[in-house]
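Go ahead and model the full structure; you've got the sequences and the hints to work with.
Protein chains: 2
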Amino acid sequence: MTNTEIEQLITGMAAKGRKAARKLAALPTAIKDSILLDAAKELEAQRDFIKAENKKDVDAGREKGLSLAMLDRLTLSDKVINSMIQGLHEIAALPDPVGKMDEMKRRPSGITVGRMRVPLGVIGMIYEARPNVTIDAAALCLKAGNGVLLRGGSEAIHSNLALAGLLQKVLAAHNVPAEAAQVIPVTDRYGINVMLAQEQFIDVIIPRGGEGLIRFVTENSKIPVLKHYKGVCHMYVDESGDVATGIRLAMNGKTQRPGVCNALEGMLIHKSIAPCFLPAAAKELMAAGVELRGCEQSRAIVPEIVPAQDSDWGTEFLELKMIVKVVDDMDEAIRYIEQYGSQHTEVIVTNSYANSQRFLREVDASAVMINASSRFNDGGQFGLGAEIGISTTKLHAYGPMGLEELTTRKFVVYGAGEIRQ
Amino acid sequence: MTNTEIEQLITGMAAKGRKAARKLAALPTAIKDSILLDAAKELEAQRDFIKAENKKDVDAGREKGLSLAMLDRLTLSDKVINSMIQGLHEIAALPDPVGKMDEMKRRPSGITVGRMRVPLGVIGMIYEARPNVTIDAAALCLKAGNGVLLRGGSEAIHSNLALAGLLQKVLAAHNVPAEAAQVIPVTDRYGINVMLAQEQFIDVIIPRGGEGLIRFVTENSKIPVLKHYKGVCHMYVDESGDVATGIRLAMNGKTQRPGVCNALEGMLIHKSIAPCFLPAAAKELMAAGVELRGCEQSRAIVPEIVPAQDSDWGTEFLELKMIVKVVDDMDEAIRYIEQYGSQHTEVIVTNSYANSQRFLREVDASAVMINASSRFNDGGQFGLGAEIGISTTKLHAYGPMGLEELTTRKFVVYGAGEIRQ
Numbered sequence: 001m002t003n004t005e006i007e008q009l010i011t012g013m014a015a016k017g018r019k020a021a022r023k024l025a026a027l028p029t030a031i032k033d034s035i036l037l038d039a040a041k042e043l044e045a046q047r048d049f050i051k052a053e054n055k056k057d058v059d060a061g062r063e064k065g066l067s068l069a070m071l072d073r074l075t076l077s078d079k080v081i082n083s084m085i086q087g088l089h090e091i092a093a094l095p096d097p098v099g100k101m102d103e104m105k106r107r108p109s110g111i112t113v114g115r116m117r118v119p120l121g122v123i124g125m126i127y128e129a130r131p132n133v134t135i136d137a138a139a140l141c142l143k144a145g146n147g148v149l150l151r152g153g154s155e156a157i158h159s160n161l162a163l164a165g166l167l168q169k170v171l172a173a174h175n176v177p178a179e180a181a182q183v184i185p186v187t188d189r190y191g192i193n194v195m196l197a198q199e200q201f202i203d204v205i206i207p208r209g210g211e212g213l214i215r216f217v218t219e220n221s222k223i224p225v226l227k228h229y230k231g232v233c234h235m236y237v238d239e240s241g242d243v244a245t246g247i248r249l250a251m252n253g254k255t256q257r258p259g260v261c262n263a264l265e266g267m268l269i270h271k272s273i274a275p276c277f278l279p280a281a282a283k284e285l286m287a288a289g290v291e292l293r294g295c296e297q298s299r300a301i302v303p304e305i306v307p308a309q310d311s312d313w314g315t316e317f318l319e320l321k322m323i324v325k326v327v328d329d330m331d332e333a334i335r336y337i338e339q340y341g342s343q344h345t346e347v348i349v350t351n352s353y354a355n356s357q358r359f360l361r362e363v364d365a366s367a368v369m370i371n372a373s374s375r376f377n378d379g380g381q382f383g384l385g386a387e388i389g390i391s392t393t394k395l396h397a398y399g400p401m402g403l404e405e406l407t408t409r410k411f412v413v414y415g416a417g418e419i420r421q
Numbered sequence: 001m002t003n004t005e006i007e008q009l010i011t012g013m014a015a016k017g018r019k020a021a022r023k024l025a026a027l028p029t030a031i032k033d034s035i036l037l038d039a040a041k042e043l044e045a046q047r048d049f050i051k052a053e054n055k056k057d058v059d060a061g062r063e064k065g066l067s068l069a070m071l072d073r074l075t076l077s078d079k080v081i082n083s084m085i086q087g088l089h090e091i092a093a094l095p096d097p098v099g100k101m102d103e104m105k106r107r108p109s110g111i112t113v114g115r116m117r118v119p120l121g122v123i124g125m126i127y128e129a130r131p132n133v134t135i136d137a138a139a140l141c142l143k144a145g146n147g148v149l150l151r152g153g154s155e156a157i158h159s160n161l162a163l164a165g166l167l168q169k170v171l172a173a174h175n176v177p178a179e180a181a182q183v184i185p186v187t188d189r190y191g192i193n194v195m196l197a198q199e200q201f202i203d204v205i206i207p208r209g210g211e212g213l214i215r216f217v218t219e220n221s222k223i224p225v226l227k228h229y230k231g232v233c234h235m236y237v238d239e240s241g242d243v244a245t246g247i248r249l250a251m252n253g254k255t256q257r258p259g260v261c262n263a264l265e266g267m268l269i270h271k272s273i274a275p276c277f278l279p280a281a282a283k284e285l286m287a288a289g290v291e292l293r294g295c296e297q298s299r300a301i302v303p304e305i306v307p308a309q310d311s312d313w314g315t316e317f318l319e320l321k322m323i324v325k326v327v328d329d330m331d332e333a334i335r336y337i338e339q340y341g342s343q344h345t346e347v348i349v350t351n352s353y354a355n356s357q358r359f360l361r362e363v364d365a366s367a368v369m370i371n372a373s374s375r376f377n378d379g380g381q382f383g384l385g386a387e388i389g390i391s392t393t394k395l396h397a398y399g400p401m402g403l404e405e406l407t408t409r410k411f412v413v414y415g416a417g418e419i420r421q
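Going down the list, the protein sequences come from chains G and A. For what it's worth, UniProt numbering labels the leading residue of the first sequence as 1, then goes sequentially. For what it's worth, UniProt numbering labels the leading residue of the second sequence as 1, then goes sequentially.
Heads up, none of these hints are tricks.
Note that identical chains are pooled: a pair holds if it fits in a single copy or bridges any two copies.
Within a straight-line C-alpha distance of at most 25 Å, the following computed SDA-like cross-link-like pairs (lysine to any residue) qualify: (1) LYS321 with GLY417; (2) LYS410 with HIS396; (3) LYS230 with ARG18; (4) LYS271 with PRO307; (5) LYS222 with HIS396; (6) LYS16 with GLU362; (7) LYS105 with ASN351; (8) LYS222 with GLU199; (9) LYS100 with MET116; (10) LYS41 with ALA30.
Calculated directly from the structure, the hints in this document are not laboratory data. Remember, predicted model here, so these are calculated numbers, not experimental data.
Right under this line is the structure:
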């Protein structure tokens with residue numbers, strides 16, 4: 001395809017998506033839910049076809065020499081298909097955010113004014129290898145009354161197009177324009193640029209993938225982007241912290257699933273508890289295969305800690321490595337988090353009421369926790385039902401984004417002929 | 001100043017603003033309020049100085065041949081200074097949004113999770129001739145715990161710098177870094193470009209002024225922009241609408257203050273009520289000096305209506321002109337609003353329950369009203385206390401933006417050592 005053809009194709013898809021989204025916005029909850037449940041049935045019915053299309057992607061990926069981890073993410077196994085089906089059921093069961101009214105109040109002028117939740121419009125999703133995102137993200141967007149334009153990676157194109165065909169069949173069966181959920185069939189990078197210029201038709205872009213993809217999207221988008229680059233999460237053990245709790249949270253935060261954004265990448269330890277906490281914590285973490293990289297003070301207590309390089313501070317390891325730093329006080333811990341954190345998740349281990357409240361107030365991160373594992377920063381764990389992503393920027397959404405974050409609120413006014421004086 | 005010097009100056013100011021904002025974020029409400037009340041006192045004390053500085057701007061403006069309307073907006077009369085003082089008192093009296101926690105709930109894992117309102121960080125304001133915005137906007141930003149970087153028009157530079165000096169004196173007296181509120185002292189356009197590239201230090205840009213300024217800001221900003229371009233507001237009179245109500249709302253919407261964004265620019269009238277409504281409405285509007293420009297059907301009923309040009313549909317007149325269109329039904333009215341509205345304010349005049357509910361749900365605008373004047377779309381009228389602007393885009397804020405829209409919410413977790421299974 002020439003660039004002009006790509007422009008025409010994607011602009012046309014975005015425009016049709018906008019039009020379809022207007023229909024979706026006014027759709028009753030019951031119809032949206034039956035679309036989701038029918039999509040679940042259709043996934044079951046088309047299981048063999050979806051797996052066959054997916055096999056084309058996996059075979060091509062193997063030939064191209066994709067890593068085992070990449071191939072794993074790419075594969076739509078029965079287990080992954082089952083979880084997509086379950087996800088559709090779960091999203092259908094969630095309360096519909098659209099139409100919810102609150103803050104209704106009578107004003108001195110006589111009017112009654114309040115706010116009504118309405119869909120955002122059209123969501124543009126840009127993601128990499130996981131084809132299950134096609135169903136998960138589309139389902140959340142549709143439930144919130146939004147059209148969705150999906151642009152997955154080239155490795156997953158057969159899978160994504162098969163899944164889009166399935167969704168569109170179900171939409172059409174419910175008299176909803178099929179363009180409410182579309183997968184862009186071209187996957188070269190120029191297509192992303194074209195997509196990011198459709199500010200007339202797309203309301204928000206949600207990228208999911210590596211930091212490189214997200215930076216590319218942010219730098220080139222004319223449309224607002226909801227994103228997080230990375231998760232550099234810390235746990236601060238203050239002088240009153242419970243040692244056993246600190247060790248348990250460190251182990252869970254670092255070792256339960258080291259490759260995810262809410263895994264711990266560092267421990268900050270108050271100097272007065274370090275001699276007690278560090279030897280026990282280091283022993284357990286090291287026994288689990290964690291490499292600790294620390295400051296001089298930490299190495300004076302536990303010599304097995306590797307000296308930290310300058311580049312280690314603020315690094316998202318995503319593997320069994322972790323920095324350790326002994327700090328003089330909470331001020332130093334908060335300053336360190338300001339400098340090296342990624343506004344994702346920050347944890348304090350403390351038994352001091354005053355310290356817990358101060359940490360909660362002053363630390364700037366999408367989730368701030370007292371005596372709980374950083375691994376809880378997740379839409380499901382927080383009770384949002386499902387998440388479409390996580391935001392570490394503050395505008396519109398900060399933290400995991402669920403159905404509500406895919407909507408906005410307009411003002412509604414009930415009058416009886418009132419005029420402004 | 002060379003471009004390099006401007007870059008250094010503005011980057012330095014933005015960086016210091018970010019640092020000062022961290023202090024502000026943790027400031028107790030009582031201190032923020034006494035800063036605002038002391039600023040009010042200081043305005044009274046410095047009244048003559050402020051007026052003298054403002055006179056320099058007004059004299060220069062007169063020499064440059066600014067229009068009377070521009071000179072009027074530029075002038076800090078005693079009345080305007082009084083309203084700034086009153087505004088400071090009102091903002092001090094508003095509840096502090098920062099620290100408010102809600103949606104606290106216990107999760108099956110044992111953690112308690114909720115959301116806490118926190119400041120956005122640093123707000124960049126870009127505005128034109130009105131120097132009173134310097135105080136009004138800074139006061140709202142400070143109350144919400146945000147730093148503010150203000151860039152006013154060149155015509156008002158003496159006034160703006162004098163007002164910034166006043167604010168900084170008060171901030172310093174309360175041990176808050178003066179850089180919490182800064183006015184950029186250079187006013188050439190390149191400075192705006194530099195400001196719009198400070199995404200590292202500025203969290204959101206709020207432009208206030210003409211459509212040209214706002215388009216320039218939106219197209220050049222790397223920082224999210226909260227804005228509205230224009231207000232093309234309509235009133236739809238359905239077949240069940242009360243004629244007297246329709247006329248009252250049309251008069252109020254068009255004539256009470258025609259130059260503002262929530263003034264009415266058009267009337268859509270159901271064909272079956274048009275013969276009854278239009279003659280009476282046209283008579284009253286024309287008697288008030290309003291020029292009506294209408295479709296053929298409207299002219300068949302009231303021949304004095306001027307034929308509308310194609311360019312009239314969707315125009316923001318901001319003066320005593322208004323389009324009139326007879327429509328077949330509500331579908332046509334809603335389609336017209338979709339095509340020509342600006343997602344600002346849309347009004348229905350009706351006595352039909354079903355039509356009122358459908359209009360409320362389906363019309364996409366920051367405020368949708370039943371039997372009330374479009375002129376009510378205003379932060380004060382809606383009970384937000386004061387507004388820093390209005391947004392007609394949906395991300396983060398849709399409609400008038402008050403203190404709450406200058407904040408965001410982070411997740412907070414109270415745990416007792418829980419880990420993720």
